[in-house]
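Given only the sequences and the hints, what does the whole structure look like? Please build it.
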Amino acid sequence: MEQNSENKVLSKASEERQVQHVLARYTRAADQLNGKAVADLFVPDGKVEVYYGRGGSRELLFVLSRQAEIENAMSNLMKPHPDRGWSHHTTHDHIIEVNGDHATIDAQFIRFDAVGESRPDNGWPEGTLGLMGKVTPTESGYYQPALQKISGEWKIVTLVILHDLTFAIPGK
Amino acid sequence: MEQNSENKVLSKASEERQVQHVLARYTRAADQLNGKAVADLFVPDGKVEVYYGRGGSRELLFVLSRQAEIENAMSNLMKPHPDRGWSHHTTHDHIIEVNGDHATIDAQFIRFDAVGESRPDNGWPEGTLGLMGKVTPTESGYYQPALQKISGEWKIVTLVILHDLTFAIPGK
Amino acid sequence: MEQNSENKVLSKASEERQVQHVLARYTRAADQLNGKAVADLFVPDGKVEVYYGRGGSRELLFVLSRQAEIENAMSNLMKPHPDRGWSHHTTHDHIIEVNGDHATIDAQFIRFDAVGESRPDNGWPEGTLGLMGKVTPTESGYYQPALQKISGEWKIVTLVILHDLTFAIPGK
Chain R
1 MEQNSENKVL SKASEERQVQ HVLARYTRAA DQLNGKAVAD LFVPDGKVEV YYGRGGSREL
61 LFVLSRQAEI ENAMSNLMKP HPDRGWSHHT THDHIIEVNG DHATIDAQFI RFDAVGESRP
121 DNGWPEGTLG LMGKVTPTES GYYQPALQKI SGEWKIVTLV ILHDLTFAIP GK
Chain G
1001 MEQNSENKVL SKASEERQVQ HVLARYTRAA DQLNGKAVAD LFVPDGKVEV YYGRGGSREL
1061 LFVLSRQAEI ENAMSNLMKP HPDRGWSHHT THDHIIEVNG DHATIDAQFI RFDAVGESRP
1121 DNGWPEGTLG LMGKVTPTES GYYQPALQKI SGEWKIVTLV ILHDLTFAIP GK
Chain C
2001 MEQNSENKVL SKASEERQVQ HVLARYTRAA DQLNGKAVAD LFVPDGKVEV YYGRGGSREL
2061 LFVLSRQAEI ENAMSNLMKP HPDRGWSHHT THDHIIEVNG DHATIDAQFI RFDAVGESRP
2121 DNGWPEGTLG LMGKVTPTES GYYQPALQKI SGEWKIVTLV ILHDLTFAIP GK
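Chains as they are written, first to last, in this note's numbering: chain R, 1 to 172; chain G, 1001 to 1172; chain C, 2001 to 2172.
The hints are simulated quantities; they were obtained by calculation from the structure and are not laboratory data. Idealized CB from N, CA, C, for every residue including glycine. Don't take each hint at face value.
Here are the simulated lysine-lysine pairs, DSS-like style, with alpha carbons at most 30 Å apart [stated by the list, open to error]: (1) R:K134 with C:K2047; (2) G:K1134 with R:K134; (3) G:K1134 with R:K172; (4) R:K134 with C:K2079; (5) R:K134 with C:K2172; (6) G:K1134 with R:K79.
Some residues of chain C that are not near chain G, with every Cβ distance over 10 Å (derived) [as the list claims (entries may be wrong)]: (7) K2047; (8) E2059; (9) L2061; (10) D2106; (11) E2153; (12) V2157.
Written out as structure tokens, the structure reads:
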């Protein structure tokens, strides 16, 4: 089986897992602030709809339309990681429904931000063995992507993001 | 395939994923404080057993027996979310065993509580673009449900919850 | 089906899930500080490679080679849990590739540490019903194990761990 191409290998995974992999790759690309890699997970006219709220009362914050706008927002409009900083968008408790070439995921998400301590100029003092820094949960909510299988590959058509936290717009 | 009913679609998922979906739905219902939705995931005489501790030394805190008691506890005895608040019960690293019509899950859980900042009366000040508020992990432990497949649907028979944190009962 | 042995039952799960179960068992063994249980998940000459950093700039911190060294490090070199303390190594957004008898996982990880409050000598005061203590995220990064199926069981050959936080070595 070793000579199998990656495509053949991945095609053995269940449809549900293939769909879940798309969201897993989204979290990697988002943490890398790699707009191209994020946009590639969408169909050309894909959309990101960002809302405040969880229930019937959700309030639209903004929409990103088409790959170029998604790529630009992720690469240029997100706050860069601080020195020794990184983020982890993590997703949980996926409810996945696959219906032929269409699929939906409902997932919880938590974003964490990690910032490592900087090494003191004269080295680490005695008794400080191990990991130094802080990991902080900074965002939470739900990801609800709708996907379509096109030429054998699952792509995001619309990604609904529901944020728990208040979204501030200066002067509003 | 589009004409498939939801039931047919879900039946294509592996038994392990169907079982995992039950726990995913439990987290949604718990975060909505929706006792009816929680109770519906159980068999009529289902049970929730809540313990302090992780190992051989676990100590029983309380038991909820039958759907009505589970529904009442979740709808009426849980602390309501504060203004602009929400919770996320998240589950991780599931070990799932399916044996015919019986299944067990061993999952880690972390509960997060999110509270959004309230918008100042005269609007957000300059420089405050983005998400405002706090996400805090508040509980952790293990969920260990035992499930049974009844008329094609997986239901929880007993949900063992192991809490890491100390459980306070006033006067005790 | 009840008479099936555990092995037969587990063999019904997809290869991807069997592979994921190995990582789930790793998190359990790590949280129990059970070096023997951790080492048993590896092939006899398995390795753990621990790095600082996430991208091309990763920096090797240390390597554990063979089961005995892995077991010893986990059982004897890790900080023990404090009183009423426990940890949860949790993993997220797995990208799993199975190619015959070989497999890889790329997973995000977050470590949480929970410490329960100690019961006051004269009991809990009025108004303190419920869970008492703190849950804190303390580490984050990526687990990237490579696995091999040997005699029907998936074992870790090399576990690459990428830490986000700075690793302090006194005097360095």
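Hint-by-hint comparison with the structure:
1. With a C-alpha separation of about 28 Å, the suggested pair K134 (chain R) and K2047 (chain C) falls inside the 30 Å cut-off, and the hint holds.
2. Distance check on the hinted pair: K1134 (chain G) and K134 (chain R) sit about 15 Å apart at the alpha-carbon level, within 30 Å; holds.
3. Proximity of K1134 (chain G) to K172 (chain R) is assessed by CA-CA distance (about 21 Å); at most 30 Å being required, the pair is judged to hold.
4. Distance check on the hinted pair: K134 (chain R) and K2079 (chain C) sit about 18 Å apart at the alpha-carbon level, within 30 Å; holds.
5. A hinted pair counts as satisfied when its Cα atoms are at most 30 Å apart, and K134 (chain R) with K2172 (chain C) qualifies at roughly 21 Å.
6. This hinted pair checks out: K1134 (chain G) and K79 (chain R) have alpha carbons roughly 18 Å apart, not beyond 30 Å.
7. The Cβ of K2047 (chain C) lies farther than 10 Å from every Cβ of chain G, with a closest approach of about 22 Å, so its non-interface assignment holds.
8. For E2059 (chain C), the requirement that its beta carbon stay farther than 10 Å from each beta carbon of chain G is met, with the minimum near 28 Å.
9. Its beta-carbon lying about 24 Å from the closest one in chain G, L2061 (chain C) satisfies the requirement of being farther than 10 Å from that chain.
10. Listed as a non-interface residue, D2106 (chain C) keeps its Cβ farther than 10 Å from every Cβ of chain G; the least gap is roughly 15 Å.
11. E2153 (chain C), annotated as away from the interface, keeps every beta carbon of chain G farther than 10 Å; the closest lies near 15 Å.
12. The non-interface label for V2157 (chain C) is consistent with chain G: the shortest C-beta to C-beta separation is roughly 20 Å, beyond 10 Å.
Checked against the numbered hints above, the structure breaks none of them.
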